[in-house]
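Novice: Protein chains in written order, with this note's numbering: chain A, 1 to 415; chain B, 416 to 830.
Take the hints with a grain of salt, since some may be wrong.
Derived contacts from chain B toward chain A, CB cut-off under 7 Å, selection only [said to hold, decoys possible]:
id: 1; residue: Ala452
id: 2; residue: Ser484
id: 3; residue: Gly508
id: 4; residue: Val579
id: 5; residue: Thr703
id: 6; residue: Cys713
Hint data in this document are derived by calculation from the structure and do not stem from the laboratory.
Where is the CB? At the ideal position from N, CA and C, for every residue including glycine.
2 protein chains.
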Amino acid sequence: MSRAAAVLSEAQTADAALRARAALVVPGGMWGHLNAARLPEGYPQFFASAEGCRVRDVDGREYIDFMCSWGPVLLGHRHPEVEAAAQAQAALGDCLNGPGEVMVDLAEDFVAMAPHADWAMFQKNGGDATTACVTIARAGTGRRKVLVARGAYHGALPWCSPSVAGVTSEDRAHLVHFEYNDVASLRAAAAEAGNDLAAILVTGFRHDMGRDLELPTAEFAKSARAACDAAGAALILDEVRTGLRLDLRGSWEALGVRPDLAAWSKAIANGYALAAVTGNDRFRDAATKVFVTGSFWCGAVAMAAARATLRIARETDVPGHIHAMGLRLREGLASLASQHGIAIRQSGPPQMPLMLFDADPEVRKGRAFCSTALRHGAFFHPQHNMFLSAAHQAADIDQALEAAAHGFRAVRELR
Amino acid sequence: MSRAAAVLSEAQTADAALRARAALVVPGGMWGHLNAARLPEGYPQFFASAEGCRVRDVDGREYIDFMCSWGPVLLGHRHPEVEAAAQAQAALGDCLNGPGEVMVDLAEDFVAMAPHADWAMFQKNGGDATTACVTIARAGTGRRKVLVARGAYHGALPWCSPSVAGVTSEDRAHLVHFEYNDVASLRAAAAEAGNDLAAILVTGFRHDMGRDLELPTAEFAKSARAACDAAGAALILDEVRTGLRLDLRGSWEALGVRPDLAAWSKAIANGYALAAVTGNDRFRDAATKVFVTGSFWCGAVAMAAARATLRIARETDVPGHIHAMGLRLREGLASLASQHGIAIRQSGPPQMPLMLFDADPEVRKGRAFCSTALRHGAFFHPQHNMFLSAAHQAADIDQALEAAAHGFRAVRELR
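Work out the full structure, taking the sequences as your base and the hints as a guide.
Specialist: Below you can see the structure in the form of structure tokens.
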């Protein structure tokens with residue numbers, strides 16, 4: 001019997017069998033944020049299929065999905081119109097010797113959607129987009145310093161990874177840190193960068209793992225804009241996680257603040273691998289001058305999926321729908337917590353909610369809640385912001401709240 | 416009439432109309448290596464479809480394709496078995512809350528295929544894979560210096576981009592350069608890195624744009640291995656461009672040299688966006704420790720496409736077939752050049768050939784040849800290595816040689 005076969009025969013579930021096989025051929029069994037070892041007990045590592053707001057693991061268990069593939073799924077898994085658009089393009093071709101007409105269509109769609117945008121470029125990863133924004137800002141200003149909020153996630157490349165394993169200090173030599181929503185710290189960081197300030201890079205809201213989410217204050221957003229204007233630097237809005245969920249025009253549009261450059265990914269093609277950089281005319285020459293490219297960046301299928309996603313998001317007011325569904329979830333959780341006498345905090349925009357338990361420094365309550373809710377069919381996350389999709393309807397939310405009620409009971413029984 | 420409509424009405428071809436629209440909404444009209452402004456006169460920027468070894472532009476012109484999407488297309492465009500595997504997976508799901516069984520299957524496939532590999536991880540871009548290799552090597556050795564060949568292409572991220580626009584000197588602080596195939600320069604670079612040597616990063620062969628391609632000498636490959644062994648550093652083989660075309664086991668296997676880490680992308684999923692890092696057990700812990708991840712890296716459709724691609728490549732000896740077709744092309748070009756009394760140089764492995772004209776410093780001959788051959792239905796490149804695919808058959812090569820004959824006549828008529 002081979003090593004893999006021996007391991008397999010001992011496993012009790014398909015998930016366990018796959019984990020055992022993966023342990024042999026994938027370092028740590030899985031990489032990065034997708035490693036289920038970081039999740040509460042009982043969470044599956046491997047998934048078999050999904051449809052709408054339901055995801056199924058390899059053991060056939062079905063969950064109402066509040067992670068949406070950690071953001072990419074905006075309209076629901078396997079949305080019929082997106083799939084049809086992707087298949088129609090795939091029947092012609094995907095990655096050819098250059099782009100298809102769809103690339104121009106999609107760039108025009110972004111320019112029409114985001115008021116700050118005069119142009120767009122496309123990539124594959126969110127980190128490709130944030131990195132390209134920084135490179136364009138440096139090329140356009142001839143400067144080096146980039147201000148980033150302490151603890152913010154902008155990707156997993158050496159210059160921005162939350163880990164320092166394998167990273168050199170030079171990779172981050174020109175980052176200057178500030179506290180999100182802290183105008184004084186932002187101004188101090190800008191002063192430190194002085195006349196070498198290339199950009200301020202900031203997420204649509206503060207969504208650092210494991211702490212309450214924070215919407216940007218208008219004062220903070222305007223200060224970031226003012227600091228960039230005063231220094232001739234670029235305001236870069238990292239919309240990778242927030243894009244299309246808060247406001248189709250851009251997450252800071254309602255605050256009256258427009259970025260010079262924005263990085264998009266995750267939800268823009270409803271799960272197809274795509275990222276985008278949008279920018280204004282001030283940075284068009286710089287964007288022309290930098291060399292950013294990738295083997296699959298002209299892939300037409302993901303662009304066709306993105307066109308359908310953007311159209312549906314606009315025509316059906318997806319931000320409005322997921323805001324309503326997120327509110328229904330939030331109010332239901334608040335009511336259940338109160339019924340069970342459990343103190344919780346809910347934060348962030350309703351479309352991307354987070355629920356944390358008071359007095360839960362080791363996340364025992366959060367993990368017990370999630371593990372129990374999972375067994376009852378709701379896929380929540382104890383520490384990371386969650387995601388709503390257009391496929392979530394009131395009945396789904398209500399069913400998830402029944403699972404949540406079991407979770408709260410489990411928390412009450414913790415000792 | 417809108418700006419875009421005005422521009423459109425003046426254009427003579429669909430390609431020109433799209434270029435005019437793109438000029439408004441994409442910086443420079445197109446980014447990176449896919450910008451057709453870098454290509455000879457008459458080359459299309461925009462493509463409509465492809466099948467087998469034929470690609471069609473948006474004006475309906477069909478070409479025998481010797482770029483294969485700049486590498487990704489190994490088996491021919493829209494290979495039926497790859498498309499079927501991808502569609503079967505897509506019917507279940509693509510980017511879910513975690514990977515599918517196909518990720519484990521594919522990691523096992525890589526471990527079975529590449530003798531150096533004890534494990535695999537997956538990404539989206541070739542640059543994701545080369546960057547992850549460098550990060551893993553640094554994490555595993557606790558050192559910083561990485562030796563790279565002068566002029567080699569390892570991706571378009573700031574640390575390795577061929578451009579310096581928007582790049583800081585710190586991004587490249589720990590690179591030390593050597594000349595490909597020059598053992599003395601390699602040893603000097605290793606000596607310069609001293610006890611801070613983390614890795615030697617090297618492509619499967621020397622494929623720098625615009626100069627004769629060079630296969631690695633056995634002495635050079637063995638010296639790179641010996642330098643890593645002596646220093647306890649990682650030998651990283653960048654197979655992004657070469658992978659699956661030269662030798663399925665790895666491009667240096669026939670030289671008796673195995674890397675510690677290898678970066679793969681382009682051809683591994685026949686055009687679907689995928690990259691991979693493979694490594695040996697010495698670097699398994701380091702690969703576990705680093706944080707490298709991406710929103711779409713668990714995408715199951717590209718992995719299903721890759722499984723089919725690897726299987727077909729193995730079962731049908733794709734390297735052998737494209738070697739034979741590349742030789743047929745090379746011999747035909749040599750014969751035609753001789754008939755026309757034109758001095759050319761052909762270099763590189765037949766699977767990834769390059770033809771340069773003698774005494775052609777400004778590439779006038781190369782561009783005239785390519786422009787003319789293009790009009791006669793063959794899509795060559797004047798300066799970049801080309802790519803053969805399993806879809807190229809003898810009749811396709813012979814037809815392309817007829818187009819090439821027109822190209823040589825055009826060169827003879829240059830003055």
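Novice: For every hint, state whether the structure bears it out.
Specialist: Hint-by-hint comparison with the structure:
no.: 1; hint: Ala452; result: 11 Å, violated
no.: 2; hint: Ser484; result: 5 Å, holds
no.: 3; hint: Gly508; result: 4 Å, holds
no.: 4; hint: Val579; result: 9 Å, violated
no.: 5; hint: Thr703; result: 4 Å, holds
no.: 6; hint: Cys713; result: 5 Å, holds
Hints 1 and 4 from the earlier list are contradicted by this structure; the remaining hints agree with it.
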